[in-house]
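Whole structure, please, built from the sequences with the hints as guidance.
Listed below, chain by chain, are the residues.
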Amino acid sequence: MRGQHARISLALLAGLLLLAACDAETPAPAAGFAGLGGAAQGFARVEPGRLLGFPADHGAHPDYRIEWWYLTANLQDAQGRPWGVQWTLFRNALQPGSREADWRNQNLWMGHAALTGPDGHRHAETFARGGIGQAGVVAEPLQAWIDDWQLRSRSPANGGLGELELQARGEGFSYRLRLTSERPPVLQGAQGFSQKSGQGQASYYYSQPFFQAEGSLLVDGKRHAVKGQAWLDREWSSQPLAPDQQGWDWFSLHLQSGEKLMLFQVRQADGAHYRAGTWIHADGRAEPLSQADIQMQPVRFSRVAGRRLPTAWTLRIAAKDFAIDTTPLQEQAWMATRFPYWEGPIRFSGSHPGVGYLEMTGY
Amino acid sequence: MRRLYWTLAALLSHWRRHPLQLFSVLAGLWLATSLWAGVQALNSQARDSYARASQLLGGAERYSLVARDGGWFAQQHFIELRRAGWPVSPLLQGRLRLHGQGEQRLQLIGIEPLTLPAGGALAGQPFERLELTAFLGRPGRSWIAAETLAELGLQAGAQPLSASGQRLPPLTVWPQLAPGVLLVDIGVAQRLLDAPGQVSRLLLPAAFARAAPPLPAALAAQLVLQRGDEGADLAQLTDSFHLNLSALGLLAFVVGLFIVHAAIGLALEQRRVLLRNLRTCGVSLRGLLVALVMELGALALLAGVAGLLSGYAVAAWLLPDVAASLRSLYGAEVAGRLSLAPHWWLGGLLVCLLGALLAGAGSLLRAARLPLLALAQPEAWQQAQARWLRRQGWLAALLGGVALFALLFGDSLALGFVLLAALLLGAALALPVGLNLLLEAWLPHCRTPLAQWFVADSRQQLPGLALALMALLLALAANIGVGSMTAGFRQTFSGWLDQRLAAELYLMPVDASQAAAIEAWLAGQPQVRALLPSWRVELQLQGWPAQLTGIRAQAHYREHWPLLSASAQAWQRLQRQQGLMLSEQLARRLDLQLGERLRLPTPSGAWELEVLGIYADYGNPRGHLLVEAAGLQRHWPGLAPRSFSLRLPAAEVPALIQALQEEFALDDSRVIDQAALKAWSGRVFERTFAATAALNSLTLGVAALALLISLLTLGQTRLSQLAPLWALGVGRTRLAWLSLGQTLLLAVLTLLLALPLGLLLAWCLVAVINVQAFGWRLPLQVFPGQLLQLFGLALLATLLAAAWPLWQLGRSTPAALLRSFADER
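From first to last, the protein sequence lines stand for chains X and E.
Under my numbering, read the first sequence as residues 1 to 363, first letter to last.
Under my numbering, read the second sequence as residues 364 to 1188, first letter to last.
What the hints contain is simulated information worked out from the structure, not anything from laboratory work.
Each hint can be trusted.
Derived contacts from chain X toward chain E, CB cut-off under 7 Å, selection only:
#, residue
1, 94
2, 129
3, 134
Label pairs and their computed distance ranges (CB to CB):
#, chain 1, residue 1, chain 2, residue 2, range
4, X, 154, E, 573, 33 to 43 Å
5, E, 575, X, 119, 27 to 37 Å
6, X, 49, E, 575, 53 to 63 Å
7, E, 590, X, 155, 42 to 52 Å
8, E, 590, X, 140, 37 to 47 Å
Don't be surprised by glycine CBs; every beta carbon is placed ideally from N, CA and C.
Structure follows, in structure tokens:
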């Protein structure tokens, strides 16, 4: 559910665009985003019934305002120590339909990379203009890049997601992973039409939660060979955000049973948090979860970057006999980017133990 | 307190009875402060502009990658480096002329804000604050300094056209932006400069660049890491220019202080009786001194404020000339509208106060030593004068020694100015000594009593007039010196230019592909008799920016490239790649002589060459070197010609320019014919010296005023000295003429002494100061016509200054002359 991610992405870019929006405590109302304006303004609307096609939809959709390629990986090194990797490419359009191959191109690109390990959390961010080749996405074969960071398809198998190469680097770290998958992408919501919040915002959304990952991490000059699982989210939309939404808490979970689970809640000013999720069976079948199915409860708060964040949670889905307690790998997995947020690997125990990623914004 | 009040009141009453002296003190301080503050205002304005240019892209330590040939290069290199993990940010810089704005060019800077080095600020403002969406979106923004916008006569939001008809994004004021700069998105800059896909440099974060990672092999031959920022470079390059301005300002200040010193000294002499009376009435010495200092301070404050106001006016008047010379000489942009910081005002006042104290120090000291009960000794003047002259003589000799020392051992601009200052001051101090000796020698030859009186009385007038005459001497010498240097430079420069600019047309292609296209196209033009390409590489030699030019066709250069000194067969050996030639200023900076060897850094290692010749390169603040093109291309493979010189019949030039501009996208900054280039160089020259000439005339004006004031103040005391002669039967008219004769005699003698001093000064300027400041030495030339004109002017000024007091003397009634006997103390 990247509805939340819709928020983070917009807010991140707004943070880039306007100082006012940098205040993470109070996300600026959608109408206040400079250059983004109202919902219509020529950007394509997200409508139900559109059929997603691959590999074409791996590429960029410049008629829509915002879009991202979002990858997280839970890894283990030879000594069995856990590591986490994040790789994100955001696209934000100042004007709809901009496809010029020069500086007139009105797409702005932003990359975030993070590496979380036993000794801490490192992150990096970078920016680029569209149209000139510094950043961009090609659908076939899939190649998404900004500077020397890239996510690149190595094989046409499985709609282009059969084998991917991922790399990024920042100060004091770099990573290179090979990702393989055999199952087709999972369409979220109604065949990829993913309804957001109670106010009817929506996005096109699909995921590939079944990646096997292996590769190496370089941290402060030391190399670590790693293996694990990775999760790719793809989402694009034009819709602005509801003004009363303060932030969100989002989970992507790899259960030891081979099943996958995505859960989120959007925290609204009136306290009526909007919750949703998807139960993904081991064979790839997706089962949407509704508000009533989901219970999410913070159990521990930590001081992070001068804020109070719920870093441990209890999650329950009664219909699935699912009850787990999550713990972060690093409590201080803070992304001190232009618009700061918390994102890091977690592990959990209970009815369905496993590992995953947690993202929290708006604190 | 009360006592102080009455003391002050008594002291100040003097000025009420002698308004002329009051005027002298005020005028002297006012003039001194005014010129000094004016020059300081110009300098601080310029330095502020450099600082703003330096801060534009984030502070002093700036690293960037530039093309080895200094030109634009493909934006693709930016992408290649980003994709290799280099955090570079592209920048395109060029000159832009706006439609309807005449010849004025703005510096257009295109930036890419998203990749600007982190922590960097734009014009001192944190990056986040910028209205990025407006800047990156459509129609975008042209950021401009408020004063530049006002100079252009445009409003914020206006979208003027460039000279080539391209519309600019709306002009938006960015307060801290450097003057003369137009900051736009790099995409806009590429459109406006007609340079699609081109950049001029890639900025690097300092932390990254300091680690000096090796460039990817494919780019190492084309790009080079450069450290330094333009603002700091400008400050360095323009240092001499500002030092020269300061020196002129200081000269004016000193001349002004002479006036003040004279007037205050006279006032003290006349108030001796008053001071003694005050002391005998019970005013303590301390109280008296406090009152005198307060009086002086009040006068300085009053004159200082007036001086600052007029200094501001002087600076505003000179600023366009100064800004134009800085722009054309150094490419430095200085805001054309004065905006001065509070410290300028405070500093100016402080300098005025200190100056007044300095000028009045002697008088205050004398007041402090005033013998309480001693009687006035008016007849003791001769003894006093002899002592005074001896002291002056010793001081002058000492200063002469300092000047000699500076000349023999000086190797810096500062010592050059020490030489100048010691020379001028020493000569000024020696003047009354010299005049006294002359008159003393003349006295025995006078037959008639009246003639003897004439000479003896002239001697007696010396102390009163000495300071004014010294000021006159200084101003005249400065005028002769600076005038000779300027005129000599003009002659040398234009002769050099005529020889050097032999080709009829000069072309500068935009890039390599255009260079190739132009070369091919010109080969098919029968009217072009010769096509002389040249290649260019930007170097840093011992930290000094230099330009290495590769040439072919030595025959042409042999004829048109004058050498100051050369080895045997210099051109032939240059052609055989056995050596290089370099500009005079670079040779001096690197301390290189003919036959010595110089190592040039190249991508393929050091390239060592013998110095075969040294040539003049007037007006170029950077160094310049000349080598054979083949050698240059071997060390820097893949360079394209940066310019072409064309020989063709003069009549064909306009048609060829038109054809070239139709065939290629070349604006008029890239196609220049000889006449335009000469006219432009001439304008640069005139502008450079416009401010100097103006300041120079002002100094002469100050000196004339000093003379007038001295004569006026002297005139008041002269009455009592002339009255006895009148009583002995010399008519009033005759007395007036005699007095005029005395004044003229002293002035003419001063003028005659000013001549050798001025020529000495001119020699110091061309052979010492110019060499130290700019690196070139000029031949000393004397222009008799100019000297005569100056003498005429000085005599006229003297006559005018003498006229009023003498007219008054001629009109003084017998009663007034008689009364002076009664007044005699």
